[in-house]
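**Q** Taken in order, these protein sequences are the chains called A and B.
Residue 92 in the working numbering sits at position 92 of the first sequence, and the numbers go up by one each step.
Residue 156 in the working numbering sits at position 156 of the second sequence, and the numbers go up by one each step.
Incorrect hints may appear among the rest.
Straight-line distance between alpha carbons at most 27 angstroms, and here's what the computed BS3-like set of lysine-lysine pairs gives [to be verified]:
1. B:K6 with B:K109
2. B:K79 with B:K231
3. B:K213 with B:K231
4. B:K70 with B:K213
5. A:K134 with A:K32
6. A:K175 with A:K84
7. B:K156 with B:K6
8. B:K213 with A:K161
9. A:K84 with B:K70
10. B:K79 with A:K175
11. A:K161 with A:K256
12. B:K109 with A:K175
13. B:K70 with A:K175
14. A:K84 with A:K134
15. A:K175 with B:K156
16. B:K109 with A:K161
17. B:K109 with B:K156
18. B:K121 with B:K70
Here's a subset of chain B near chain A, in silico, CB distances under 10 angstroms, partners left out [unchecked claim]:
19. N9
20. Y13
21. H74
22. A82
23. P85
24. I90
25. M102
26. S110
27. E113
28. G114
29. A150
Rather than coming from a laboratory, the hints here were simulated on the basis of the structure.
These numbers come from a predicted model, not from an experiment.
Backbone N, C-alpha and C define an ideal beta-carbon position, used for all residues, glycine too.
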Amino acid sequence: MEFLSYLISGISLGSVYAIIALGYTMVYGIAKMLNFAHGDVIMVGGYISLTAMLSMNLPPIVAVLLAMVVCTVLGVIIEGLAYKPLRSAPSLAVLITAIGVSYFLQNSALLVWGANPKSYTPVIEGAMKIFDGKLSISYISLLTMASCIVIMIVLTLFINKTQLGKAMRACSEDKGAAMLMGINVNRTISVTFAIGSALAAIAGVLLCSSYTSLMPTTGSMPGIKAFTAAVFGGIGSIPGAFLGGILLGIIESMAKAYISTQLANSIVFAVLILTLLIRPAGLLGKYVPEKV
Amino acid sequence: MGQILKVDNINVYYGAIHAIKGISFEVNEGEVVTLIGANGAGKSTTLQTVSGLLRSRTGSIEFNGEDLAKIPPHLVVRKGLAQVPEGRRIFQQMSVEENLEMGAYTRDKSELEGDLEMVFKQFPRLLERRRQIAGTLSGGEQQMLAIGRALMSHPKLLMLDEPSMGLAPILVEQIFDIIRQLNEAGTTILLVEQNAQMALSVAHRAYVLETGKITLSGTGKELAESDQVRKAYLGG
Chain A
1 MEFLSYLISG
11 ISLGSVYAII
21 ALGYTMVYGI
31 AKMLNFAHGD
41 VIMVGGYISL
51 TAMLSMNLPP
61 IVAVLLAMVV
71 CTVLGVIIEG
81 LAYKPLRSAP
91 SLAVLITAIG
101 VSYFLQNSAL
111 LVWGANPKSY
121 TPVIEGAMKI
131 FDGKLSISYI
141 SLLTMASCIV
151 IMIVLTLFIN
161 KTQLGKAMRA
171 CSEDKGAAML
181 MGINVNRTIS
191 VTFAIGSALA
201 AIAGVLLCSS
211 YTSLMPTTGS
221 MPGIKAFTAA
231 VFGGIGSIPG
241 AFLGGILLGI
251 IESMAKAYIS
261 TQLANSIVFA
271 VLILTLLIRP
281 AGLLGKYVPE
291 KV
Chain B
1 MGQILKVDNI
11 NVYYGAIHAI
21 KGISFEVNEG
31 EVVTLIGANG
41 AGKSTTLQTV
51 SGLLRSRTGS
61 IEFNGEDLAK
71 IPPHLVVRKG
81 LAQVPEGRRI
91 FQQMSVEENL
101 EMGAYTRDKS
111 ELEGDLEMVF
121 KQFPRLLERR
131 RQIAGTLSGG
141 EQQMLAIGRA
151 LMSHPKLLML
161 DEPSMGLAPI
171 LVEQIFDIIR
181 QLNEAGTTIL
191 LVEQNAQMAL
201 SVAHRAYVLE
211 TGKITLSGTG
221 KELAESDQVR
231 KAYLGG
């Protein structure tokens, strides 16, 4: 029963990683860049939803929607101001810019909301008890897992069935050819950032509701872990992000429960390194040899 | 027969390299015009400049009387100009049908079925492989898909960049038959080829490109018979 409880908390944590990893992987797939500021958008989503609930007394669902809108706009602005001018720059320049944006967001949050951790009001409280109360699953865990599954299904349908989704896949394969088809590549990249950032807002709310504490660096560690999850599953692959996220959550939760709380993070990253040694493109990633 | 494309004095650079040095040519409605020349002469660069992927520092590119110089590449196809790029560049991980759908990106969605039928009629092989992932097609089929994808936009001018590249001789024949058929059906074609013999056999008019300049022009027949061209490109 204890094992089951750790497993569920692992899947729940993994669901948050998966939602964040989807943003990383979609942006990487299309813009071929690692948006290291993605984790900090989660933190902004957390603060916006908290402010909406506490200071503006809005119901949780409205707070979530507001956080999604703000993060979407933020994501599109970041892309337009910081990354778009670097579209043909070396990838190292883009990477450093992304790290810069990350610090910018953290320090802006420091200015606006202060350094002290704020306690976060979960969007949903209570727990479901099963097996005569031996196993208790918090509603926020259930909500997190359900959100992840719904997001995954909707995103897969979007990418495979809609014209915009197909245009995204076309851009991710060959931007020049996509332009020849009449696809506006810049706009497609903006839409990708918008979707990733909206997902980051949802992840922010779910993460803060589980851990009920929020500060300017809150997004940073989950961001890195979600990036790890995306690489673990195969960066650029949507099912890979999902699988990588869930597995990472389970490994972390099991490591905390059975090995050591302090070592949990090291174990997570050790698993990543081992996986990449055996499968350099990640679990579901395709290894594409360089064409000569 | 009106003029459909008029390229006037374009100069294109790759960094410091002057790739296209003041090229001018035109294509009339209903024609097959070919640009022939050796590897590196600037043929593909010229086509990419017409579709807006590269920019000229001087001159103008008029399509149907409209200057394309300031129009972003993704809007050029809306004007009625489609390009089959060098090396085909189909979307390898998408299905045959999805590739064709991307070709129809600028078209009204309600016309998709009719457009697909038109392409499948021209290329029955693509119909057989409709759901197959494009990367698994053979080279000839991929070239057919690349041409079919360009036709989905109903271009007034179809630009083909080295359609015979990497194909077996029998397939090259097939591709050129297709070019002839498309032209007979009313599509104006601008063809870039290293295979000068085949290109001149289908072309009404031709231009010879050498290191970024046009050195000769004339009808396909004239150039096929010209000593200069025979020596340089037709093997004697």
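**Q** Next, verify each hint and record whether it holds.
**A** Against the structure, the hints come out as follows:
no., hint, result
1, B:K6 with B:K109, "violated (32 angstroms)"
2, B:K79 with B:K231, "violated (39 angstroms)"
3, B:K213 with B:K231, "holds (18 angstroms)"
4, B:K70 with B:K213, "holds (24 angstroms)"
5, A:K134 with A:K32, "violated (47 angstroms)"
6, A:K175 with A:K84, "holds (14 angstroms)"
7, B:K156 with B:K6, "holds (14 angstroms)"
8, B:K213 with A:K161, "violated (46 angstroms)"
9, A:K84 with B:K70, "holds (20 angstroms)"
10, B:K79 with A:K175, "holds (20 angstroms)"
11, A:K161 with A:K256, "violated (40 angstroms)"
12, B:K109 with A:K175, "holds (22 angstroms)"
13, B:K70 with A:K175, "holds (19 angstroms)"
14, A:K84 with A:K134, "violated (53 angstroms)"
15, A:K175 with B:K156, "holds (23 angstroms)"
16, B:K109 with A:K161, "holds (13 angstroms)"
17, B:K109 with B:K156, "holds (20 angstroms)"
18, B:K121 with B:K70, "violated (36 angstroms)"
19, N9, "violated (24 angstroms)"
20, Y13, "violated (15 angstroms)"
21, H74, "holds (5 angstroms)"
22, A82, "holds (7 angstroms)"
23, P85, "holds (6 angstroms)"
24, I90, "holds (8 angstroms)"
25, M102, "holds (5 angstroms)"
26, S110, "violated (13 angstroms)"
27, E113, "violated (15 angstroms)"
28, G114, "violated (17 angstroms)"
29, A150, "holds (8 angstroms)"
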